[in-house]
Amino acid sequence: GDSVTQMEGPVTLSEEAFLTINCTYTATGYPSLFWYVQYPGEGLQLLLKATKADDKGSNKGFEATYRKETTSFHLEKGSVQVSDSAVYFCALSHAGGTSYGKLTFGQGTILTVHP
Amino acid sequence: DAGVIQSPRHEVTEMGQEVTLRCKPISGHDYLFWYRQTMMRGLELLIYFNNNVPIDDSGMPEDRFSAKMPNASFSTLKIQPSEPRDSAVYFCASSPSFGQTEQFFGPGTRLTVL
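Protein sequence lines, in the order shown, are assigned to chains R and W. Counted from 1, the first sequence has number 28 at position 28 by this note's numbering; the numbering is strictly sequential. Adding 115 to a residue's 1-based position in the second sequence gives its number in this note's numbering.
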């Protein structure tokens, strides 16, 4: 079955540091890939997505590139802010078949950014 | 546009009591999902519906849990009887039927069973 593996956290950085959160997946076919973010006390929000190989999703300074050859979708940001402190989830979904719409999540990575 | 609405936001109950969580999906979305989030197990999909019909309930932990979707704008997740190990944050999410697989999450219901 499908699975998503994220780097273990928590990740602690100073403001303006470079961020990478690794994500690899196992799936058949060509899933869509997502990064969701969960701020304290809130539900998950879509941060960015990519629907085919070599696509780059980007939003709020975050980027991730769909790498089919390495089955990866690593999240990066060049300069983090305190307000980026949150839990980040990598996820995949299939656009068709019996699993349509069903998201498979990684375990989440806690990011804390200090001033 | 209003997002996914969940109620209550917080629920504290005693073991053995019935608990009902409610969700209103985004208008026009045909898929509705119920998740449970705990520190130990992370995010777990409990059940999801398409056009008000349950499609996959394999994530429902046991018979104490049940979910219904009587119409396109309302769903409930019921736990009867509740147990302390049911304490968690329960999320509802919805998504459109075609062309996108993004899910939109509600703010969650934090359930504490004493």
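Hints are supplied without guarantee of correctness; some may be wrong.
Claimed, not checked - No more than 20 Å apart at the CA atoms, straight line, and that leaves these computed lysine-lysine pairs for PhoX-like:
# : chain 1 : residue 1 : chain 2 : residue 2
1 : W       : 183       : R       : 56
2 : W       : 193       : W       : 183
3 : R       : 102       : W       : 139
4 : R       : 52        : R       : 102
Calculated directly from the structure, the hints in this document are not laboratory data.
> Is the hinted pair residue 183/W and residue 56/R satisfied, with a Cα-Cα distance of at most 20 Å?
Replying inline: violated (38 Å)
> Given the hint that residue 102/R pairs with residue 139/W, does the C-alpha gap stay at or below 20 Å?
Replying inline: holds (19 Å)
>> So if I understand the rule, the pair passes when the alpha-carbon distance is 20 Å or less; does residue 52/R with residue 102/R pass?
In response: holds (17 Å)
>> For a C-alpha distance cap of 20 Å, please report whether residue 193/W and residue 183/W respect it.
In response: Measuring from Cα to Cα gives roughly 8 Å; hence the hint holds.
Going through the hint list in order, the structure does not satisfy hint 1, though it satisfies all others.
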